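Given chain A's structure and the hints, the job is docking chains B, C and D onto it.
Chains as they are written, first to last, in the numbering used here: chain A, 293 to 641; chain B, 293 to 641; chain C, 293 to 641; chain D, 293 to 641.
Hints listed in this document are in silico derivations from the structure and should not be mistaken for laboratory results.
Some clues are possibly wrong.
One copy or two, it doesn't matter: identical chains are merged, so the pair holds either way.
In silico DSSO-like pairs for lysine-lysine, Cα to Cα no more than 27 angstroms straight-line [as the list claims (entries may be wrong)]:
#1 494 <-> 552
#2 298 <-> 316
#3 298 <-> 552
#4 319 <-> 298
#5 362 <-> 298
#6 440 <-> 494
#7 379 <-> 494
#8 440 <-> 487
#9 552 <-> 355
#10 552 <-> 362
#11 362 <-> 494
Note that the coordinates shown come from a computational prediction; the quantities given were computed from them, not determined experimentally.
4 protein chains.
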Amino acid sequence: MIIVLKREASPEIAQEILRRIEEKDLKPLHMPGTERVVLGALGDERILAELALDSHPMVESLKPILAPYKMVSREMHPHDTIVRLGKTAIGGRGFKVIAGPCAVETESQMRNTARFAKAAGAHGLRAGAFKPRTSPYAFQGHGVEGLKLLRATGDEFGLPVVTEVMETADVDIVAEYADALQIGARNMQNFSLLKAVGRCGKPVVLKRGMAAKVEDLLLAAEYMLAEGNEQVILCERGIRTFETATRNTFDISAIPVVKKLSHLPIVADPSHGAGRRDMVAPMARAAVAAGADGLIIEVHCDPDHALSDGAQSMFPAQFDRLMAELRIIAPAIGRSICLEPVRRGGWGS
Amino acid sequence: MIIVLKREASPEIAQEILRRIEEKDLKPLHMPGTERVVLGALGDERILAELALDSHPMVESLKPILAPYKMVSREMHPHDTIVRLGKTAIGGRGFKVIAGPCAVETESQMRNTARFAKAAGAHGLRAGAFKPRTSPYAFQGHGVEGLKLLRATGDEFGLPVVTEVMETADVDIVAEYADALQIGARNMQNFSLLKAVGRCGKPVVLKRGMAAKVEDLLLAAEYMLAEGNEQVILCERGIRTFETATRNTFDISAIPVVKKLSHLPIVADPSHGAGRRDMVAPMARAAVAAGADGLIIEVHCDPDHALSDGAQSMFPAQFDRLMAELRIIAPAIGRSICLEPVRRGGWGS
Amino acid sequence: MIIVLKREASPEIAQEILRRIEEKDLKPLHMPGTERVVLGALGDERILAELALDSHPMVESLKPILAPYKMVSREMHPHDTIVRLGKTAIGGRGFKVIAGPCAVETESQMRNTARFAKAAGAHGLRAGAFKPRTSPYAFQGHGVEGLKLLRATGDEFGLPVVTEVMETADVDIVAEYADALQIGARNMQNFSLLKAVGRCGKPVVLKRGMAAKVEDLLLAAEYMLAEGNEQVILCERGIRTFETATRNTFDISAIPVVKKLSHLPIVADPSHGAGRRDMVAPMARAAVAAGADGLIIEVHCDPDHALSDGAQSMFPAQFDRLMAELRIIAPAIGRSICLEPVRRGGWGS
Amino acid sequence: MIIVLKREASPEIAQEILRRIEEKDLKPLHMPGTERVVLGALGDERILAELALDSHPMVESLKPILAPYKMVSREMHPHDTIVRLGKTAIGGRGFKVIAGPCAVETESQMRNTARFAKAAGAHGLRAGAFKPRTSPYAFQGHGVEGLKLLRATGDEFGLPVVTEVMETADVDIVAEYADALQIGARNMQNFSLLKAVGRCGKPVVLKRGMAAKVEDLLLAAEYMLAEGNEQVILCERGIRTFETATRNTFDISAIPVVKKLSHLPIVADPSHGAGRRDMVAPMARAAVAAGADGLIIEVHCDPDHALSDGAQSMFPAQFDRLMAELRIIAPAIGRSICLEPVRRGGWGS
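Chain A on its own, in the form it takes in the complex (with noise of 0.2 angstroms):
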């Protein structure tokens, strides 16, 4: 840590927060320079916290030299972690596909598409049972029924499933049914949950919230790590701009800086950061090519008939057409994509 001090600060001072920073058995540093006095603390800066100098009046600013986040750090943990996901994974040199509908809708609306989804090469199916929504209004989600459906149509396809968790009281009944768990942008600090799920020794998708810098997600998933539980796969998804032509800012540069600073997978949710299906396709895209890896899409069989998000699921052929795209892209930056579709099924049924 580096401790600037006011120019007003006297030399007393300096001694002073130089002798605190040794009594905590960190390396204290001096540099008297013309314009300010410039002081270091070399060692845990978590440690730091306790002397609160942030708070000290004749301090102007506290520079941070190591990263607040510990576990999740690549200088920690050099190589790429991978996070298991039923018979499949996610991390390493591989690229994978979560699709689903936005809901658990019906039976045969799971069906459908995951019967597509698979066919067309996905890995993993994913849907709402308990859905957070910005107005009391809207459709809920059907709740463990939901679960239950979702569970069924991913043993019968054999796609490992993905689905949200809200509250900590139901993290034991999500972890029952699902594969991975998911903590949406909305609860990304629900610290509450970040714990109950880290100590669930699920997988966990944990999407970025819409205010939070990369430090932020990093740090969030550092409450999990802390908690025991290392299989965290992070999600970009859209920050919050002032642009309104889509409805989130697809951050796209977010996935190299987390790749940099993180051994955790990070995978990229293009419908959310979009909130227009034709914007979904080209956002996918740019994905792979930027190194993320993988994909989490909004596909439903019928979209102009869905219960919520609707307008940026994805209409089956287009999500045929990205797929073959991506078998393209992904080994153009070194990336085992495997997406060759198992069968190639009819639609419907």
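What follows is chains B, C and D alone, placed relative to chain A:
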């Protein structure tokens, strides 16, 4: 709702949509123009969500006419709501100040701080027992022991108490000790928590999320009113922008905007808005001048040794001076501040 | 400057950088830590730019200690600068209000508006002759004819005049007619214009750009001080954020931040900050409460028929009421407002 | 235009507005609803500005139906515009790369960089002679001498040249030397400059401002088309958001949004978007995958000694590798990249 069709939409498409609008018992409107066909649907716009027109391939855009919130709207309820807070109240012509430390730390810290705040004219006491922290390594609060200490201190000094609740499972215990429950900025869209707090029957302080539009804040409040709890105080505490000179950008204009749109009272939290002690007084003065119903302010008997947020906590003397300034500004805009200090007791004990 | 090296940087690299720092006559510092080597360079940080350390492959990050601006900094110039504006002045303990229509339209519009503004206690007159407009199809201003009309109106009513200059070629002609030149938000980083205005010798009102940090605003002012013009008034007028309820987010905290960092006066333009007439008075009151040195306010004798920005122009009666409120708030924070209306003449003529 | 009246608006007010709409030869519409009266005005919405309905006391909001730009809209001009750039062109099915240093520094720097860029397959050369710098103490460019050196280097290597123009007075001289004039992000709403460049007849690269919505960018381009210059290339280079891990947030979704709304070509500048060399390649790959028509990339023969923006300039070997990746990705989305290097000459000279 105004429905703008794409240029290429046929007359048949327009007729079909008009028919679907009519089937929902809404009044359909047909406005053929030179460049576009525009349709209208007059009536309860919430019903329109079922038509999923936003995902219709021939619909270019939807323009709502009515606000998506109902019960929080001033249209439905023209008079100001007054929310009780122990023996005082927030809203109407009064101006109230709730002060206290960021976190409950010790008995002497709580008593010293409350004594001073009361003497300076504060109407309520705030302090956190459950603390949401960006880093898992930061102090997380004293939990139920903290609640008890807060309640005891409030009772001793005759100050109603406000404290944060972070998860559904804690709603009952927090409601047992507090006069009002606070929902923090990071939980503003934790919809499970909103519903639980909406059902608990206690007054609520709902803080605006860092990425929340005023409309999102009002919709979050709507969740609680829809559960039957009308005792909701809104709180502006800063939004996230590109500016780095302050921790957040305190959105002063949200105060008159909320006043215009809603009957709910709104207070300001300049401590979190600024994140720097020396910015708290100017922001607090600005908030009352802009029409806020009150303030939530961090004060600490000894900010240099606070366990959290010391840098933004006011010193006792700063708070005293601020209260004196507020006593002049509030009446300038017709506010009865009633901040006559009960007694001018000494500091410390 | 603090220079944090990458983990993998060798001791030789550190020595080489220290040697380069020393060659520039700066004081080098070596701070080897357990996880990182940190270097320091004390002295004029502008010289360091020549070393291009930010592109050094073994440098992880640079942390400046000193502000990048010099002449605008309060450190170099602790006392408030007072900028003359005709026979009045901005800065110091006074509080001044510059009012007028968005654009110069007609002689009767200018005279009616000036008469009213003067009667209500305004100290200066503003109106645009050259108008920056987002759309090429919007009214672009009356040019030199507008300047003449503004000057004549100011002279008639004894009000100094402020008007915008949009390009280098117009600086001389605008300086001929105006008491102060305004640089608009969209031109805040039009560096050619900043230099030309810096050389013209006239007082300047520099508006903050919509994406400008306070530091950027101060650096833009530094351009003019570096050209020899110290007569610069800064102006907060709102920044662009995700909030759509107001046209811009009026950054009230910029006022105390600027006051702390710089000796230059700062005024607020709540009309552009809000973009809505009904928000102007609360924002104006908030600005004075937060410590601004003055206001620039759009008033119009007949806003409903204004050629531009009518929606944000105050009606005469609204302006009158606002001035009355300011006369109470300003003294609460030690401001001598001197807003005694010279005469309470009737409206119209 | 849809005109939503306030709840309290009387039927007479509605009739008066309808009459004013009709007087402008627009088609008026009356839509009385249960909660509001809604009016419509069909026809050229630019005419409506004259009615100043946004400042009408009984108008709650205006909702435009048509885009405010006309000539840049794809509706008026469905086919892609192709902009010539010396002997090459931007737009259509090709994908083009313009590379070069941030600033013209020396003859050997320019020749070494151009030789390498050409060998790697670049189609154009960029470098600044007039440099906009946030700080007045930073290198400001070599001016006309820089222009001459850029032109000579372009001619020697057969590369068309692009360079920035910062003020109206320089348009002629820059147009004399450059194949295309660049308008920088900070000047995107310097309307005087837009008009001057619009009249100069040369192709233009218009960079998106840091606070500009896509709509603002298109309106800025409209200024030039309105002056008769249709040879406009738009350029996404990042917007300002709360994220600090990158200098700007590269808005990748702006590319498909612009493609949908306008016929003008759009290129991406990932160097300024990211501000960090190691982020340039992922952003560049993402841009082509998202559908950009080309790239503007900073490369330097010796970035460690660049006079400006060295930290974001690619090393020659990085650029070479990027070009190889682009040759695979571009065809995946139907782009003919034609990046076959003419010769694989050695580096240096």
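Identical-chain pair category, residue 379 with residue 494, by Cα at 27 angstroms:
within (14 angstroms within a copy, 48 angstroms between copies)
One pair to classify: residue 440 and residue 494, alpha carbons no more than 27 angstroms apart. Within, between, both, or neither?
So residue 440 and residue 494 pass the 27 angstroms test inside one copy only (17 angstroms; across, 36 angstroms).
How would you label the pair residue 552, residue 362 (within, between, both, or neither) given a Cα cut-off of 27 angstroms?
Within one copy only: 14 angstroms inside, 35 angstroms across.
Indicate which option fits the pair residue 362, residue 298 if close means a Cα-Cα distance not exceeding 27 angstroms: within, between, both or neither.
between (30 angstroms within a copy, 16 angstroms between copies)
Within a copy, between copies, both or neither: where do residue 362 and residue 494 come within 27 angstroms Cα-Cα?
Close inside one copy (21 angstroms), not across copies (40 angstroms); limit 27 angstroms.
Give the relationship of residue 494 and residue 552 under a CA distance limit of 27 angstroms: within one copy only, between copies only, both, or neither.
within (25 angstroms within a copy, 42 angstroms between copies)
How would you classify residue 298 and residue 552 at a CA-CA limit of 27 angstroms: within, between, both, or neither?
between (35 angstroms within a copy, 13 angstroms between copies)
At most 27 angstroms between alpha carbons: which applies to residue 298 and residue 316, within, between, both or neither?
both (23 angstroms within a copy, 25 angstroms between copies)
Given identical chains, is residue 552 near residue 355, meaning Cα to Cα at most 27 angstroms, within a copy, between copies, both, or neither?
both (21 angstroms within a copy, 20 angstroms between copies)
Within a copy, between copies, both or neither: which one fits residue 319 and residue 298 at a CA-CA cutoff of 27 angstroms?
both (21 angstroms within a copy, 19 angstroms between copies)
Intra/inter-copy verdict for residue 440 and residue 487 if alpha-carbon distance must be at most 27 angstroms:
Classified as both: same-chain Cα gap 25 angstroms, cross-chain 24 angstroms, threshold 27 angstroms.
When the structure is compared with the earlier hints, no violation turns up for any of them.
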